[in-house]
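K.L.:
Note that the protein sequences, when read in sequence, are chains A and B. Residue 94 in numbering that gives the first Met the number 0 sits at position 95 of the first sequence, with consecutive numbering throughout. Residue 64 in numbering that gives the first Met the number 0 sits at position 65 of the second sequence, with consecutive numbering throughout.
Do not rely on the hints blindly, as some may be mistaken.
As the list claims (entries may be wrong) - Dumping the calculated DSS-like pairs for lysine-lysine here, alpha-carbon to alpha-carbon at most 30 Å:
id: 1; chain 1: B; residue 1: K83; chain 2: B; residue 2: K229
id: 2; chain 1: B; residue 1: K6; chain 2: B; residue 2: K234
id: 3; chain 1: B; residue 1: K103; chain 2: B; residue 2: K225
id: 4; chain 1: A; residue 1: K158; chain 2: B; residue 2: K42
id: 5; chain 1: B; residue 1: K59; chain 2: A; residue 2: K158
id: 6; chain 1: B; residue 1: K129; chain 2: B; residue 2: K229
Read the hints as simulated data drawn from the structure, not as lab findings.
Given next are the chains, with one letter for each unit.
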Amino acid sequence: MRNMIYISRTIVCIISFALLAILLLPALSLGQGEEVTSYINRYKQYEVSTNYSERYEVRPSQRSPLVRKFRSIDREPFAYSSTASSVRNRNLLADSHRGVKFYDNRRCEECHVNETHDIHTVRANITCRQCHGLEPIASINHYYSPMNPIRRHAYVCAKCHEGSSASFASYVIHEPAAGSSSARTGFPALYYSYWFMLVLLAGTLTFFIPHTILMGLREMFGRKKDK
Amino acid sequence: MQTTRIKRFSILDRGFHLFLILTFLIQTATGFSRLFFPTVWGKNLNAVFGGYETSIFIHKWVGVLMIWGFIFHTLYLLTRIDWKNLRSSLFGPDSLIPNFQDVKHLWQRILWFFGIGSRPRMGRWAYWEKFDYWAVYWGMPLLAITGIMLMYPVAASNYVPGWTLNIAVLLHRAEAILAVSYIFIVHFYVGHLRPSSFPMNEAMFAGSIPMEELEEEKPAWFDQLKNEGKLETIKVKPPTLVYKIVYFIFGYAALGFGVYLLVNGIIYSRYITLH
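So that you can see chain B by itself, here it is in the shape it has in the complex:
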């Protein structure tokens, strides 16, 4: 069955997302193995990575890798901006930057949840997708800066007062827990468990969505594409079966690992402190 599919994420976008999945999961696992080390689960998790010391070694250097990924992604963003038409590029319908329209959509959608009013017509990026993006985007520099401070505490204390290291530990742990709980609860639900995405929202792996999903989930973008005459130019072939199997398995593996970390984190959360 050849449904027409519309391209949504380029191969570079999907590459960044895959990189983020892998590094995020590794960081969560090594971070939790350090955070929960007084517990039984933490000790077992440490053993997976080769011990308490090796966990932090992995955590630090995958963290540095994540920082490089963040830098490259920011450079990529700068190339994606249309500098000649800056205003429409930043605040137009294709932009990820939140605008007043998103606030309206949020309000309309909450009303629609309760049966009042009609379903708001989402553009290319729904307000929760924008939030998801920017939440991770600002969380990464916070974790990066506090992480680097904790990696080189003596050098850091030459530039900022040493007591900021107390705050750095707190912020690093708190932000990590915030990011982990948001991603593993909200993002996983929106991507896998909600009825319109079940069993898996393939957009970020296949790179494209079926035309019906486009018309239903993002009708304003569909109209915009039709008006601009771009609908034909971004039709793509559906993903091959082999690729589909691969990303289904990978997606569910990542989901399972994430849920495992989340559930155990909640169970053993009373044994840890944030500082």
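Here chain A stands alone, though its shape is the one from the complex:
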């Protein structure tokens, strides 16, 4: 009984301290929409948002988790010339669908099948146009594209998520399949998290379900062998 009083007294003390702390200490701000980063980073973001800056100062920062190194393996294997091999990079075009045949009468899903099965498209019921805008759809790394990581958070994400920051925009909307090999090279953090959890799940169940079954069997049929 004394133990109970001691425990409940301790808990009441802790709760009242916590409440007092919340009420009396300065209000903890959740960043108020700006990132908890260094002065330099915040200055860079300020420069970018006003767009009043030198070109060399606003190179997009390496925020994306996606691995987009333009390796020699990614180049066209049979190019016309050494410079032509890098021409097929379509990430910097003003119209990313330039040269696609019969583009006008097609729907997005016909070519971009993988991008139709994720949380934003399936659960939030958002159509492609609502984020990607009207024609011509610029490439994602084109300097003036609304989808450029510099300004994606303000031009696209903030339409629904008030207060989103550039960090928020680094969330990958069209995730690759977490267990696939393309995730391994493209989004390794997701890939290894997926496989870790899968191995954990499979391993735990593979060990404990047989253990449990054996326990039951032994208890059922082993009565005479006991003692």
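Model the placement of chain B on the given structure of chain A, informed by the hints.
P.N.:
For chain B alone, kept in the frame of chain A given last:
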């Protein structure tokens, strides 16, 4: 028939467990109704809670309640530690912390399953009970942190990179599925279906176990209690019939609901992804 019963779980322990049952079942049901919403079953389950939007509302706030329960339980654990005798409190026979003895018991028990060797003498906490406890204990902060990140994604992305939200969704779903499948398969079997527990292991509801069960299932603890002379001090009366009926009905209701969620989850599992 008045069998002598030994106290195993205090009323606070049983309170925490009851709280865990209720919140775990609510979270599983609302979580599954969201996860399985493209399926027919998911839509029906959503309707039970008042729709897709209401499901997530319940899920979030019962989740916050669970976090508070976790915090209180941790504080309670800290009061249960004997800080003056820290070493024996943490690594002694009454502790939930796994030790080398549990590894030995596991090995001996696996041998005993196959008829080789004798049944290991379990102490107060068998190794599978310790695993059960710590599996839930570490799973809850994982679900809590990823859950809070998903509740306040914009604020979370101010402190960690936004792409960790992709990982948070994956971890939250994967850990939920792990916890649900472990509890509804392994824990339910150990608590209800195995021959020594059938029809129901009453220890966590009645708070006490009969002396025969103590001698058979936990002989090392029985010896320890006898040596320390504590056997007489923790004898308690058996539970009243009314209480017994109540917890039988409640236990079976929880079991039934859990098995229902598990079976339907397995049936409709091919329609969902982890991310």
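K.L.:
For every hint, state whether the structure bears it out.
P.N.:
Do the hints match the structure? See the list:
1. K83(B) x K229(B): holds, 20 Å
2. K6(B) x K234(B): holds, 6 Å
3. K103(B) x K225(B): holds, 23 Å
4. K158(A) x K42(B): holds, 29 Å
5. K59(B) x K158(A): holds, 24 Å
6. K129(B) x K229(B): With a Cα-Cα distance of about 23 Å, the restraint between K129(B) and K229(B) holds, given a limit of 30 Å.
Every hint, counting from the list given before, is met by this structure.
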